[in-house]
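Starting from two chains that each stand alone, build the complex the way the hints lay out.
If you want the building blocks of each chain, they are given just below.
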Amino acid sequence: EPEVTQTPSHQVTQMGQEVILRCVPISNHLYFYWYRQILGQKVEFLVSFYNNEISEKSEIFDDQFSVERPDGSNFTLKIRSTKLEDSAMYFCATSGETGDRMNTEAFFGQGTRLTVV
Amino acid sequence: AQKVTQAQTEISVVEKEDVTLDCVYETRDTTYYLFWYKQPPSGELVFLIRRNSFDEQNEISGRYSWNFQKSTSSFNFTITASQVVDSAVYFCALKSGGYQKVTFGTGTKLQVIP
Chain A
73 EPEVTQTPSH
83 QVTQMGQEVI
93 LRCVPISNHL
103 YFYWYRQILG
113 QKVEFLVSFY
123 NNEISEKSEI
133 FDDQFSVERP
143 DGSNFTLKIR
153 STKLEDSAMY
163 FCATSGETGD
173 RMNTEAFFGQ
183 GTRLTVV
Chain B
12 AQKVTQAQTE
22 ISVVEKEDVT
32 LDCVYETRDT
42 TYYLFWYKQP
52 PSGELVFLIR
62 RNSFDEQNEI
72 SGRYSWNFQK
82 STSSFNFTIT
92 ASQVVDSAVY
102 FCALKSGGYQ
112 KVTFGTGTKL
122 QVIP
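Protein sequence lines correspond, in order, to chains A and B. Numbering follows my numbering, in which position 112 of the first sequence is assigned residue number 184; successive positions increment by one, without gaps. Numbering follows my numbering, in which position 15 of the second sequence is assigned residue number 26; successive positions increment by one, without gaps.
Among the hints, erroneous ones may be present.
[Stated by the list, open to error] Just the calculated beta-carbon pair ranges, DEER-fashion: (1) 123/A / 74/B: 26 to 32 angstroms; (2) 28/B / 135/A: 47 to 53 angstroms; (3) 40/B / 89/A: 39 to 45 angstroms; (4) 80/A / 52/B: 15 to 21 angstroms.
[As the list claims (entries may be wrong)] Straight-line Cα separation of at most 20 angstroms, DMTMM-like style, residue types lysine to aspartate or glutamate; simulated pairs: (5) 49/B / 75/A; (6) 14/B / 116/A; (7) 114/A / 67/B; (8) 14/B / 131/A; (9) 120/B / 21/B; (10) 14/B / 128/A; (11) 114/A / 55/B; (12) 14/B / 177/A; (13) 49/B / 73/A.
These are computed hints drawn from the structure, not numbers from a lab. Remember, predicted model here, so these are calculated numbers, not experimental data. No residue lacks a Cβ here, since even glycine has one placed at the ideal position from N, Cα and C.
Chain B with its partners taken away, still in its complex shape (with noise of 0.2 angstroms):
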């Protein structure tokens, strides 16, 4: 079974204000990997970033970076410096086990007021 957990329903900040969005995850498999997706509220699905098990390893692209910790099974994400065009709701996704299915969670909703 997987399972994807976002506790943080939603979060406002402050323009230019850090914000970081949490996910913890659920898996028996040792394989798996990890997804965060942006959705505006003209509501398609962005990609953002894609983590695998054996990868540890933090990114950061731009204003953005992600922690991955296997020893807590959580993937957070962090905006530096959040900008208005930032709001929309962030989804944590897992895909394990083989399947081709991906598990989200219940997503986080972001808004940056000016």
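Just chain A, with the same shape it has in the complex (with noise of 0.2 angstroms):
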């Protein structure tokens, strides 16, 4: 069964340091998207991508974030100058195989813990 993989599963970083989250999607969903889910809360939505631009972030996503797919398979979670409160299991989900963007669920990866020390 096709499945969303997240690398690395555990990061660990100085605060102040740059980390770049990855996530190989499914191959044939059209969708992509990071959330986040700060120990013990809610999963909240950061940022949806499609055809190769951002179409959604929340006001959590600012300048400190930034996303890309810089290779055609690789999607990535770029933060830049990590502090203390951006640790946090990290998930890519992707979805619309069909194209509908509203008719089809989200598929998760199985996430990356990030420890900011």
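Shown next as structure tokens:
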């Protein structure tokens, strides 16, 4: 069964450093997302990406964050100058194999646990 | 605006008991989609079901069943004859208004005791 793959599974970084989280989407999906879950809290939407550009973003997704699909397969989330409060589980998700952006569920990767120290 | 409320923070049941997880949603849109996801202790999010606003038929899948009631804006999830492997956090979620983002509830942690 196709699945979303995220690397690394766990990343520890020092405050102020840049991190890149990577995701390999399900191959025939059209929409890509990043969500974040601070420990013990709910899952929060960060950004959606379609046709090589950001289609929606939340207020959390400020200038510190960026996304790209550098090689047509990987989908990355870059966090510049990490802060302690960026520590969370980051989930990549994909959907939209039919092109109907409303009519499909998002399939999530296993997550990357980011710890900022 | 869209909002999902899961009032039950934690539920404990003894194995083989039935349990219902509540979900109430808010949206001004007439077209929307509701989801349930399971997050086991390992941390991943596992898709369980999608329901669209035009289809109020209840659904059963093995020991799982879902009750969608537009009149009360609820989308409740029942596990019949619970098992220890059902122990997880369950999230109800909503997508509406032509937006791609999914809004999650705060989750209900289910503990099934052997």
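Has the given pair, residue 14/B with residue 131/A, been kept, meaning a C-alpha gap of at most 20 angstroms? holds (16 angstroms)
Take a quick look at whether residue 14/B and residue 177/A sit within 20 angstroms of each other, Cα to Cα. holds (18 angstroms)
Holds or violated: residue 14/B and residue 128/A, Cα atoms, limit 20 angstroms. holds (17 angstroms)
If you draw a straight line from the CA of residue 114/A to the CA of residue 67/B, is it 20 angstroms or shorter? violated (26 angstroms)
Residue 28/B and residue 135/A, beta-carbon distance inside 47 to 53 angstroms? Hint holds: Cβ distance 50 angstroms, inside 47 to 53 angstroms.
With a cut-off of 20 angstroms on the C-alpha distance, tell me whether residue 114/A and residue 55/B pass. Measuring from Cα to Cα gives roughly 13 angstroms; hence the hint holds.
Taking only the CA atoms, is the gap from residue 120/B to residue 21/B under or equal to 20 angstroms? The hint holds at about 5 angstroms.
Evaluate the given range 15 to 21 angstroms for the C-beta pair formed by residue 80/A and residue 52/B. Holds - the Cβ-Cβ distance for residue 80/A and residue 52/B, about 20 angstroms, lies within 15 to 21 angstroms.
Against the range 39 to 45 angstroms, how does the distance between the Cβ atoms of residue 40/B and residue 89/A compare: consistent or not? Given about 41 angstroms between the Cβ atoms, the range holds.
Next pair to validate is residue 49/B with residue 73/A; report whether the Cα-Cα distance is within 20 angstroms. holds (18 angstroms)
Compare the distance between the alpha carbons of residue 14/B and residue 116/A with 20 angstroms, and conclude whether the hinted pair is satisfied. holds (12 angstroms)
Given the proposed pairing of residue 49/B with residue 75/A, does the C-alpha separation stay at or below 20 angstroms? Holds: residue 49/B and residue 75/A sit about 16 angstroms apart, inside 20 angstroms.
Hint violations for this structure: numbers 1 and 7, all remaining hints satisfied.
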